[in-house]
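Trainee: Count the sequence shown with our numbering and you get residues 310 to 496, in order.
Mixed in with the good hints, there may be bad ones.
Straight-line C-alpha distance at most 27 Å; calculated DSS-like pairs for lysine-lysine [as the list claims (entries may be wrong)]:
| hint | residue 1 | residue 2 |
| --- | --- | --- |
| 1 | Lys-416 | Lys-440 |
| 2 | Lys-369 | Lys-421 |
| 3 | Lys-389 | Lys-332 |
| 4 | Lys-332 | Lys-391 |
| 5 | Lys-350 | Lys-369 |
| 6 | Lys-489 | Lys-389 |
| 7 | Lys-489 | Lys-434 |
| 8 | Lys-399 | Lys-416 |
| 9 | Lys-391 | Lys-337 |
| 10 | Lys-416 | Lys-389 |
| 11 | Lys-375 | Lys-350 |
| 12 | Lys-375 | Lys-389 |
| 13 | Lys-428 | Lys-489 |
| 14 | Lys-489 | Lys-391 |
| 15 | Lys-399 | Lys-428 |
| 16 | Lys-428 | Lys-375 |
| 17 | Lys-350 | Lys-424 |
Using C-beta positions, here's what the derived DEER-type ranges look like [said to hold, decoys possible]:
| hint | residue 1 | residue 2 | range |
| --- | --- | --- | --- |
| 18 | Lys-451 | Thr-379 | 41 to 47 Å |
| 19 | Gln-376 | Ile-453 | 42 to 48 Å |
| 20 | Asp-400 | Lys-440 | 21 to 27 Å |
Hint data in this document are derived by calculation from the structure and do not stem from the laboratory. All of these numbers come straight from a predicted model, not from anything done at the bench. C-beta atoms are modelled at their ideal positions from N, C-alpha and C, and glycine is treated no differently.
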Amino acid sequence: KKKSIVIPLLIIGLLLVGIYSLKLTADKKYREGNSFLSNHKYSQALNSYHTAEKLWPPLKKDTILKQNETSTQAIIEMYKDKPAVTVFLKDGISQADTDRLVADLQKLPDVKSVKLITKEDALRKYTETNKNEPQLLELVTKDILPASIDVYTVDIPTEEQQITIVNFAQKNSIVQQAIKQILPTPR
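All chains, full assembly: derive it from the sequences and hints.
Mentor: Laid out in structure tokens, this is it:
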């Protein structure tokens, strides 16, 4: 009779240990998400929060987790299509020099993509943005606007990533100026 009681108790004990292990792992993912969030690694934070909820479904009712998820998702949506840095190029540079800089920027850590904006592209964008301001449109031609390169990072950039890109770009002789995108403020 004792054997028949011991086996179910062992099974229950193993189940409880397994459940407790899931809870501990979910809590760890939750804390990891908070750490990513405080370090401006928004996509990683969101992934950690989602993993925590999958491991421990009662976390879906945690109001702080929900607030963090909602604000993180809003930040990602707001900044996902914006460049981390815009690099303005000097006039009269060769296509080979431009292509080399584009390739070099693409090789930097955490850079997802780069996009060359020609003078013509810049004029089209300026015209579209200011289509209801005829006085502004009269004053600007493609010769006034510089070509530029938009640099996009894998996640919303940290200030350190932006500084790395800006410093790298400004060492190049064809660069007029490199400007950081305004980042979301820390919570």
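Trainee: Is Lys-350 within 27 Å of Lys-369, Cα to Cα?
Mentor: The given pair, whose Cα atoms are some 21 Å apart, holds under the 27 Å limit.
Trainee: Verify the proposed pairing of Lys-399 with Lys-416, using a straight-line Cα cut of 27 Å.
Mentor: The given pair, whose Cα atoms are some 22 Å apart, holds under the 27 Å limit.
Trainee: With the threshold set at 27 Å, check whether the alpha-carbon distance from Lys-350 to Lys-424 stays at or below it.
Mentor: holds (23 Å)
Trainee: Please work out if Lys-428 and Lys-375 have their alpha carbons no farther apart than 27 Å.
Mentor: violated (44 Å)
Trainee: Hey, Lys-489 versus Lys-434, does the alpha-carbon distance stay inside 27 Å?
Mentor: The hint holds at about 19 Å.
Trainee: Between the beta carbons of Lys-451 and Thr-379, is the distance compatible with 41 to 47 Å?
Mentor: holds (42 Å)
Trainee: Take a quick look at whether Lys-375 and Lys-389 sit within 27 Å of each other, Cα to Cα.
Mentor: holds (21 Å)
Trainee: Would you mind confirming whether the straight-line C-alpha gap from Lys-375 to Lys-350 stays at or under 27 Å?
Mentor: Roughly 17 Å between the alpha carbons, so the hint for Lys-375 and Lys-350 holds.
Trainee: Per the hint of 42 to 48 Å, is the separation of the Cβ atoms of Gln-376 and Ile-453 within bounds?
Mentor: Distance hint for Gln-376, Ile-453 holds at roughly 46 Å.
Trainee: Check whether the Cα positions of Lys-428 and Lys-489 lie no farther apart than 27 Å.
Mentor: holds (20 Å)
Trainee: Is it true that the CA of Lys-489 sits at most 27 Å from the CA of Lys-389?
Mentor: holds (15 Å)
Trainee: Can you confirm whether the C-alpha distance between Lys-416 and Lys-389 stays at or below 27 Å?
Mentor: Holds, at about 20 Å.
In this structure, the earlier hints numbered 1, 2, 3, 4, 9, 16 are contradicted, and the remaining ones agree with it.
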